[in-house]
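**Q** Sequence:
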Amino acid sequence: MLAAALPSIPPRGTPQSLQQPNYNILSHVACRISTLKTTAVHEMRIRGPKEEGQQIRREFVHPTYTIVRIVIAALTSLCTMTVTLASAIFATAIPSLIRIYGTTREIGLLGVALYVLGFAFGPLVWAALSEIKGRYLPFIASMFLFIIFSVATGASNNIGLILFFRFLGGFFGAGPLTLSAPIYADMFTGRSLGIAMVSFAFVVFLGPVISQPIGGFIVENPSLGWRWTEYICAVLGAVILIPTSMVLEESYAPVLQKRAARRARLEAKDDANGISHEEVKLSFKTILSDFVARPLTMLLRDPIVLLMSIYGSFVYALLYLFLVGYPTVFQHIYHMRPGVGGLPALALIVGEVCAVLAIFAMQPWIMRKAKQNQGVLLPEWQLPVAVPGSIAFAVGILWFGWSGYQGTVHWIVPTLSGILSGFGLLATFIPSISYLTQARAERATSAVAAHTMLRSFCAAGFPMFATYMYEDLGVQWASTLLGGIALLLTPVPILLYIYGSRLRSHKSVGAV
Numbered sequence: 010m011l012a013a014a015l016p017s018i019p020p021r022g023t024p025q026s027l028q029q030p031n032y033n034i035l036s037h038v039a040c041r042i043s044t045l046k047t048t049a050v051h052e053m054r055i056r057g058p059k060e061e062g063q064q065i066r067r068e069f070v071h072p073t074y075t076i077v078r079i080v081i082a083a084l085t086s087l088c089t090m091t092v093t094l095a096s097a098i099f100a101t102a103i104p105s106l107i108r109i110y111g112t113t114r115e116i117g118l119l120g121v122a123l124y125v126l127g128f129a130f131g132p133l134v135w136a137a138l139s140e141i142k143g144r145y146l147p148f149i150a151s152m153f154l155f156i157i158f159s160v161a162t163g164a165s166n167n168i169g170l171i172l173f174f175r176f177l178g179g180f181f182g183a184g185p186l187t188l189s190a191p192i193y194a195d196m197f198t199g200r201s202l203g204i205a206m207v208s209f210a211f212v213v214f215l216g217p218v219i220s221q222p223i224g225g226f227i228v229e230n231p232s233l234g235w236r237w238t239e240y241i242c243a244v245l246g247a248v249i250l251i252p253t254s255m256v257l258e259e260s261y262a263p264v265l266q267k268r269a270a271r272r273a274r275l276e277a278k279d280d281a282n283g284i285s286h287e288e289v290k291l292s293f294k295t296i297l298s299d300f301v302a303r304p305l306t307m308l309l310r311d312p313i314v315l316l317m318s319i320y321g322s323f324v325y326a327l328l329y330l331f332l333v334g335y336p337t338v339f340q341h342i343y344h345m346r347p348g349v350g351g352l353p354a355l356a357l358i359v360g361e362v363c364a365v366l367a368i369f370a371m372q373p374w375i376m377r378k379a380k381q382n383q384g385v386l387l388p389e390w391q392l393p394v395a396v397p398g399s400i401a402f403a404v405g406i407l408w409f410g411w412s413g414y415q416g417t418v419h420w421i422v423p424t425l426s427g428i429l430s431g432f433g434l435l436a437t438f439i440p441s442i443s444y445l446t447q448a449r450a451e452r453a454t455s456a457v458a459a460h461t462m463l464r465s466f467c468a469a470g471f472p473m474f475a476t477y478m479y480e481d482l483g484v485q486w487a488s489t490l491l492g493g494i495a496l497l498l499t500p501v502p503i504l505l506y507i508y509g510s511r512l513r514s515h516k517s518v519g520a521v
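The opening residue of the sequence shown carries number 10 in my numbering; numbering runs sequentially from there.
Everything labelled a hint here was simulated from the structure, so no lab data went into it.
Treat the hints with care, since some could be wrong.
When the alpha-carbon atoms are kept at most 30 angstroms apart in a straight line, the in silico DSSO-like pairs for lysine-lysine are as follows [as the list claims (entries may be wrong)]: (1) LYS267 x LYS294; (2) LYS267 x LYS142; (3) LYS142 x LYS294.
Whole structure, please, built from the sequences with the hints as guidance.
**A** Following this line, the structure appears as structure tokens:
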């Protein structure tokens, strides 16, 4: 899920803007935003071969454009939330599939696992396409195909086709999940970018949580049934995609450069006026090297990437394991209906909001530290909030298991554990990504790709054994096992806070 989220965030440096002095912002707001159709293209500075490697983008300094950027960020986040909602809502349809098709719960859970596996493989394609075609076309195309395969899943009458279309839904749904963060990095800088990224992470985690009550109420409604767990995602996606396609614009600097140079040459009829970015090529070998081989190599040889990937992946995978844990407690032990039984998961949202506030509250401290360090931000300063997050996460899991395993305690008690669990989810996951992108700035895309691969495989696998774990160990001891692992991972941010700078200084480690 976060899937692939946050794949290439520039950790430092402010790219130069593309100047458009005759830019009419009011007409841009009234109509579709389109930098490629403005007559100010001749004012655009085309970089020469010596500056080929430098990233450029337009900085929208007009106050009115702030509203447009917020609208774009909101719409792309809603697209991503729809994709992550679809990843988990299928879990509520499993009892219906067992009854209708005579399948097993394990086969039903494959529908969740295969979708999340799409989050692992999809970014390999969408990240590569964004290097060639920019952000706009891959984002819109992948979201459109996600809608198509959501409808196809709901319309299927064969369990094999359902599972196949679920994988394709996750594969294409990985497009918005992969490309939203780079779009933010194109539009925002500094503190605004940090706020956008944290808000994006919150929305990504919001989808699976709200899917439980939504899906529960759908499947228990005889006039709707399980198919509407897919149709609702398609409808929601279509409603959001229409305004997104009208408002979103291309923001990737090399592609903008290429188009600007081509237009300038056509109008000037001068073949010499060009840039080397005009022919953007990405070979299959490059894709394998940058998006598959290098992330795997970093995962195996770089202790920073390995530790933070394991740390973030365990937390992320437990979010999907809760798709089994929460129904086990509230539907099987407390005998709630699917819709009502999904409502206790909303306590996770309260905890996630608290985590977002805690991360924002850390920013003044980080800025003071940076000021004392001559304006240089150290990656380790992202980690302190992860320590209470790890502890809260472990305590929340233990609280959930030991208060809800018998059903003799009021249901509100295990429900409230979700506040600590939700806080731990975001307070540990966001620093794991932020630290990687800053500690491995020169290989940020590959580092985050390694994180994405591992967490997607873990999230796909955890629900598959969760049922057996809860049945064989009992809710209380299964939660003790998970909480114990969470406690064992608590020293990871502490160790990296103390020794991280030393690890980063080793050239043999960073130059994987």
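**Q** Each hint: holds or not?
**A** Status of the hints after comparison with the structure:
{"no.": "1", "hint": "LYS267 x LYS294", "in the structure": "23 angstroms, holds"}
{"no.": "2", "hint": "LYS267 x LYS142", "in the structure": "10 angstroms, holds"}
{"no.": "3", "hint": "LYS142 x LYS294", "in the structure": "18 angstroms, holds"}
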